[in-house]
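Listed in order, the protein sequences are those of chains A and B. Okay, so the first sequence: first residue is 1 according to full-length UniProt numbering, each after it adds one. Okay, so the second sequence: first residue is 1 according to full-length UniProt numbering, each after it adds one.
Keep in mind the hints are simulated off the structure, nothing from the lab. Ideal Cβ positions, reconstructed from N, Cα and C, are used throughout, including at glycine. Careful, some of the hints might be misleading.
These stretches of chain B come out as covered by chain A in the derived footprint (C-beta under 8 Å, 3 or more residues) [said to hold, decoys possible]:
(1) 164-172
(2) 258-264
Partner residues are not named here, just some residues of chain B that face chain A (Cβ under 8 Å, in silico) [to be verified]:
(3) Ser-270
(4) Val-271
(5) Ala-273
(6) Arg-277
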Amino acid sequence: MADIDLSSVGKTYAAMPALQDITTRFEDGEFIALLGPSGCGKTTLLRILAGFEEPSSGSIRIGTREMSNAQTGENIPPEDRNIGFVFQSYALWPHMSVRRNVSYPLEIRRFSKAEIGKQTDAALASTGLEKYADRMPSDLSGGQRQRVALARCLVSDPCAVLLDEPLANLDVALRATMQGVFTDFHKRTGATMIYVTHDQAEAMAMADRIAVMDQGRIQQFDTPQTLYERPRNRFVAEFVGRGTVVPVQEIKQAGDAQQARILGTEVAVQSARQEARVSHVCLRPENLTITESGDLRSKVARVTYMGGKYLLETVTDCGARLFAETRARFEVGAQLGLTITAPWAFSED
Amino acid sequence: MPLTLPSLAAGTAITFVTALGNFGIPAMLGIPAGYATLPTLVYQKLAGMGTTVLAEVSVLAMLIGAVAVAGIALQRLCQSRQKLHLVGSTSRPLALPLGAARLPVEVLLWAVVFAILVLPMFGLLATSLVPAYGVTLRFDTVTLASWYEVLFRQPVTSRAFANSFGLAAGAAVALVTVCLPLAWLMERRKTRLARLFDGLLDLPYALPGVVLSIAMILLLIKLPFTEATLYGTIWIIFLAYLARFFAVMFRPVQASLKQFDPGMDEAAQSVGASLFRRLRDVIFPLSAPAAAAGAILVFLTAFNELTVSALLWSSGTETLGVVIFNLDDSGETGMASALAMTIVLVVIVLMALIQLFSRRFPKGVVPWQT
Ligand SMILES: Nc1ncnc2c1ncn2[C@@H]1O[C@H](COP(=O)(O)OP(=O)(O)O)[C@@H](O)[C@H]1O
Ligand SMILES: [Mg+2]
Numbered sequence: 001m002a003d004i005d006l007s008s009v010g011k012t013y014a015a016m017p018a019l020q021d022i023t024t025r026f027e028d029g030e031f032i033a034l035l036g037p038s039g040c041g042k043t044t045l046l047r048i049l050a051g052f053e054e055p056s057s058g059s060i061r062i063g064t065r066e067m068s069n070a071q072t073g074e075n076i077p078p079e080d081r082n083i084g085f086v087f088q089s090y091a092l093w094p095h096m097s098v099r100r101n102v103s104y105p106l107e108i109r110r111f112s113k114a115e116i117g118k119q120t121d122a123a124l125a126s127t128g129l130e131k132y133a134d135r136m137p138s139d140l141s142g143g144q145r146q147r148v149a150l151a152r153c154l155v156s157d158p159c160a161v162l163l164d165e166p167l168a169n170l171d172v173a174l175r176a177t178m179q180g181v182f183t184d185f186h187k188r189t190g191a192t193m194i195y196v197t198h199d200q201a202e203a204m205a206m207a208d209r210i211a212v213m214d215q216g217r218i219q220q221f222d223t224p225q226t227l228y229e230r231p232r233n234r235f236v237a238e239f240v241g242r243g244t245v246v247p248v249q250e251i252k253q254a255g256d257a258q259q260a261r262i263l264g265t266e267v268a269v270q271s272a273r274q275e276a277r278v279s280h281v282c283l284r285p286e287n288l289t290i291t292e293s294g295d296l297r298s299k300v301a302r303v304t305y306m307g308g309k310y311l312l313e314t315v316t317d318c319g320a321r322l323f324a325e326t327r328a329r330f331e332v333g334a335q336l337g338l339t340i341t342a343p344w345a346f347s348e349d
Numbered sequence: 001m002p003l004t005l006p007s008l009a010a011g012t013a014i015t016f017v018t019a020l021g022n023f024g025i026p027a028m029l030g031i032p033a034g035y036a037t038l039p040t041l042v043y044q045k046l047a048g049m050g051t052t053v054l055a056e057v058s059v060l061a062m063l064i065g066a067v068a069v070a071g072i073a074l075q076r077l078c079q080s081r082q083k084l085h086l087v088g089s090t091s092r093p094l095a096l097p098l099g100a101a102r103l104p105v106e107v108l109l110w111a112v113v114f115a116i117l118v119l120p121m122f123g124l125l126a127t128s129l130v131p132a133y134g135v136t137l138r139f140d141t142v143t144l145a146s147w148y149e150v151l152f153r154q155p156v157t158s159r160a161f162a163n164s165f166g167l168a169a170g171a172a173v174a175l176v177t178v179c180l181p182l183a184w185l186m187e188r189r190k191t192r193l194a195r196l197f198d199g200l201l202d203l204p205y206a207l208p209g210v211v212l213s214i215a216m217i218l219l220l221i222k223l224p225f226t227e228a229t230l231y232g233t234i235w236i237i238f239l240a241y242l243a244r245f246f247a248v249m250f251r252p253v254q255a256s257l258k259q260f261d262p263g264m265d266e267a268a269q270s271v272g273a274s275l276f277r278r279l280r281d282v283i284f285p286l287s288a289p290a291a292a293a294g295a296i297l298v299f300l301t302a303f304n305e306l307t308v309s310a311l312l313w314s315s316g317t318e319t320l321g322v323v324i325f326n327l328d329d330s331g332e333t334g335m336a337s338a339l340a341m342t343i344v345l346v347v348i349v350l351m352a353l354i355q356l357f358s359r360r361f362p363k364g365v366v367p368w369q370t
């Protein structure tokens, strides 16, 4: 068990930066998700933590051990880090049975035969694989294969487990079950888990904290709720949940509260205390109510049934696209009035 | 046509290089007719005057080598063009409906195959069954005398069988041991040195055997710092085989390692397996089929080899190819044919055995099955 400290970690591939100036801390036992669009550097960060790649700058400490330091060139090889890694491709050894795949880490550690048998059985049982112990990996379904990979991780008792989009190859129905398997694993082992995904629902459902990444940087690192309600910049506001970012036209300080002009209407906005001058607001469905008298006139452009409610994509007179939710049905082309309440504001240059 | 042109050109270039370096065919057919090619010229000079003409034949070898390298360069150029063309191609094979012309075309193609592969076999068989070359094969002239003489009376034959078998098996085993770790390291660490080596690797196989043989003689005739020489021993043939068949072994292994999910190695690494353990427990078992395929190919090719051993053999280190060649050279065509047929039979039996066990092997071991 160990916390993980990164200080100004960067990685460049052929003069192209893949990671830039990552300074952060993952606490012991946390379930962290790294969330971001494809190509933002999630895998690179994970592989640097595991030791498969060396950082071009900065240093990494796990527990009390310094793992990598670009200055001194020191780099502890992956086999000496005791970090578990779960791959999107499962990376099982196809020539070994399920049991051998799981027991191999114990063989490496030179445990006694009896001890290996006991621990392997326990790991197979806790991932629901007892029945499949003597099969070959090629005879398993995708979900079962990923369970084997997890059991293999479990027996080596790692201080941290890194997972690179482990469910990306599975169908949607199976993903929900497997998410449960991962959260169970986390509860039981208490290991620090870092889970890479580009699926925000997955990240929201599982993680204690989510690091939203874009273009090689961590844009915001917070709990799922904070990310949704208090995005720090345009990228996070638009990437997490449904939100439209619109500029603030004018801002007035009225005591503690801030009054802003947005899309031609006066609205009280919320913002972080340190934000001196907010420049944009994030409008989510929760911030918009449909009222006959609403002073923001807009036209329905698309209607999507969401089960019990409708998602409306509307276009305002000044051209902004806003998302609103309603229980009543509206036709495409209908005119309606919107009222904005307490949107989240942030500053952007 | 425009699409296949680079491939055709590449094929032409490699055929040119192969024909340029081929020794066996012109040696058997050309020398008696007084018709010399560069490789046979080298052979005749070396066989006639021994190592005193080494400087002279080296120049000839260089000449062949230079032309061959030009051919190989041309072939690579054409192939790299072809890669550009093939981007985004579909995997549906091209089918040209021939309609009524189909039957005659098929007959013609099979006739060509028959003429190239089967007829010479019959010729060989017929020659081996008559008492002397030129006698027509009839029921009353059939005799197994040549077979008996060459297989049981000539001590050189069993010696050659032992030599060829030992050389072929030894080369296959040695190459497996060297190529597996080497291919793995080259795959994981793509340094500039590795890439250079990768580019040069095919040369000993693609270059005419004569060139390689002369190079081997020059290299090993006097070992540095000692008075010893490997020339005239079986080791010079063995080393030449290692060099010549390196690519035959290395390429299948390399191809199998390239398909390998690097995650399998990294997963072993992350559970604490050292490089040695990973090589032993994960990488070797997984590339074993390719290694076995390469070893079978090396064995079969080396077992029938003539060009290299013809220049490097001496009394006691004859290979099967050399024995056949010498028998034929001294007019014992019947015995040469009998021995050649025996080898064909041995190879067929070996292939049949492999075929028989092929269901027990993992997929991809048997080189002629894909
Ligand atoms: N081995 C590599 N060589 C060169 N560029 C790489 C390599 N690995 C990743 N990159 C680049 O680094 C960036 C981040 O990649 P990656 O970490 O795989 O993104 P993600 O996992 O978030 O999709 C990408 O632009 C990618 O092209
Ligand atoms: Mg990735």
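#### Entry: Hints violated by the structure (numbers, ascending)
1
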